[in-house]
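**Student:** Heads up: the sequence lines are chains A and B, in that order. Using our numbering, you'd call the opening residue of the first sequence number 1 and step up by one each time. Using our numbering, you'd call the opening residue of the second sequence number 1 and step up by one each time.
Keep in mind the hints are simulated off the structure, nothing from the lab. Bear in mind that the values here come from a model prediction, so they are computed numbers and not experimental data. Mixed in with the good hints there might be a few duds.
As a list, the in silico DSSO-like pairs of lysine-lysine whose alpha-carbon atoms are at most 27 Å apart [stated by the list, open to error]:
1) B/109 to A/96
2) B/114 to A/104
3) B/90 to B/114
4) A/41 to B/114
5) A/104 to B/90
To spell it out: a stretch of chain A is covered by chain B in this simulated footprint if at least three of its residues, at any positions, have a beta carbon under 8 Å from a beta carbon of chain B; those stretches are [to be verified]:
6) 55-69
7) 76-82
Just so it is clear, CB atoms sit at the ideal spot from N, CA and C, and this is done for glycine as well.
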Amino acid sequence: MDVQEAVSESQHVASADDNGDGKRDGQRRFTMGPNDSLEGKLVYDGHVHVDGRAEGEFRVTGNLDVASGATARILIEATNVTLKGTVEGSVAARDKLTLGRGAKLSGDIAARRLQIDDGASLNGHVRMGDFEQHGSGG
Amino acid sequence: MTLSSTGPAAKNRTSASAGNGSEGNHSSLVLGPRDRLVGLLYVEGDLRVVGTVEGELDVTGSVEIDDGGRVTGPVTARDRLVVGRSGVLKGDVRVARLVVEDGATFIGKVSMGKAALEAPPKPPEVAKPPEAVKPPEAVKPPETVMAPEAAIAPEAVKAPEAVKPQVPVKAVQPVKPAQPIQATKPPDRKTKPPDRKRRF
Numbered sequence: 001m002d003v004q005e006a007v008s009e010s011q012h013v014a015s016a017d018d019n020g021d022g023k024r025d026g027q028r029r030f031t032m033g034p035n036d037s038l039e040g041k042l043v044y045d046g047h048v049h050v051d052g053r054a055e056g057e058f059r060v061t062g063n064l065d066v067a068s069g070a071t072a073r074i075l076i077e078a079t080n081v082t083l084k085g086t087v088e089g090s091v092a093a094r095d096k097l098t099l100g101r102g103a104k105l106s107g108d109i110a111a112r113r114l115q116i117d118d119g120a121s122l123n124g125h126v127r128m129g130d131f132e133q134h135g136s137g138g
Numbered sequence: 001m002t003l004s005s006t007g008p009a010a011k012n013r014t015s016a017s018a019g020n021g022s023e024g025n026h027s028s029l030v031l032g033p034r035d036r037l038v039g040l041l042y043v044e045g046d047l048r049v050v051g052t053v054e055g056e057l058d059v060t061g062s063v064e065i066d067d068g069g070r071v072t073g074p075v076t077a078r079d080r081l082v083v084g085r086s087g088v089l090k091g092d093v094r095v096a097r098l099v100v101e102d103g104a105t106f107i108g109k110v111s112m113g114k115a116a117l118e119a120p121p122k123p124p125e126v127a128k129p130p131e132a133v134k135p136p137e138a139v140k141p142p143e144t145v146m147a148p149e150a151a152i153a154p155e156a157v158k159a160p161e162a163v164k165p166q167v168p169v170k171a172v173q174p175v176k177p178a179q180p181i182q183a184t185k186p187p188d189r190k191t192k193p194p195d196r197k198r199r200f
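Build out the structure end to end from the sequences listed, making use of the hints.
**Tutor:** Structure (structure tokens):
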């Protein structure tokens with residue numbers, strides 16, 4: 001697998017956080033736009049917004065959300081995860097995972113709390129409760 | 001051990017606190033907070049579980065688990081499955097639509113879509129007893145095969161008869177050579193040399 005490792009420390013922000021939304025809670029924000037794509041491994045201290053196309057492994061200390069229309073083949077580990085687009089891969093939410101009405105998820109879920117809205121699609125195993133972070137977390 | 005109830009029987013067992021539910025010919029069942037079902041329940045209509053279910057649920061309409069409802073076992077809902085904020089579901093799920101409210105507990109495998117709903121046959125789990133019937137069937141076939149072979153047998157018997165006269169004649173000849181006589185001589189020679197050495 002020629003997966004490039006993109007360990008992001010800088011504020012690689014495609015969409016500026018000038019609206020103040022991203023730093024509302026003091027956390028940095030990594031925002032991908034609809035025409036952006038990322039392949040590889042992202043370890044990020046802050047929130048991540050995924051749009052466009054993403055492939056690889058995302059380990060985030062804050063929240064991660066996948067926008068409606070976005071396509072992602074990723075392993076996700078974040079505090080709160082909100083999916084509205086199409087995702088293939090396993091998802092681990094330290095707190096809450098939300099599948100929006102347009103979300104399509106093929107993969108296993110581990111979450112402390114789970115919310116699935118009517119209209120969402122899911123195929124995979126669901127595990128709830130407090131869980132150990134799997135793999136070599138960042 | 002497990003109770004299997006289908007259709008009308010299931011309706012009789014459930015408490016009739018209905019009225020929350022659906023309209024017209026679509027039946028709606030409610031397993032109340034003090035109700036408990038252990039076994040397999042098939043419902044043509046909707047089902048609301050506020051009590052406890054340990055077993056399999058197969059519902060043509062929607063299933064709602066809420067208000068302390070607990071379901072342990074697989075659930076098939078042709079329409080929609082809702083796990084309310086105080087509902088608990090532990091089991092694999094096949095559904096067309098799925099709603100899990102924040103606060104609900106759900107552990108299991110989710111299969112969604114038409115393919116998932118068309119695939120599951122309900123009988124297989126109930127049809128386990130037939131295993132005991134298989135052994136007698138396996139013994140019978142060899143007996144029935146013997147009869148048809150008897151018609152072909154005469155041809156196979158002729159071949160061995162032609163070989164018999166040649167074999168017995170050859171077998172007697174190789175025995176004639178007197179090997180036992182040669183075998184007795186060598187032991188005599190071996191015993192002599194040691195005697196000579198002792199004399200020197």
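**Student:** Each of the hints needs a verdict: does it hold here or not?
**Tutor:** Tested hints:
no.	hint	verdict
1	B/109 to A/96	holds (18 Å)
2	B/114 to A/104	holds (15 Å)
3	B/90 to B/114	holds (22 Å)
4	A/41 to B/114	violated (35 Å)
5	A/104 to B/90	holds (22 Å)
6	55-69	violated (count 0)
7	76-82	violated (count 0)
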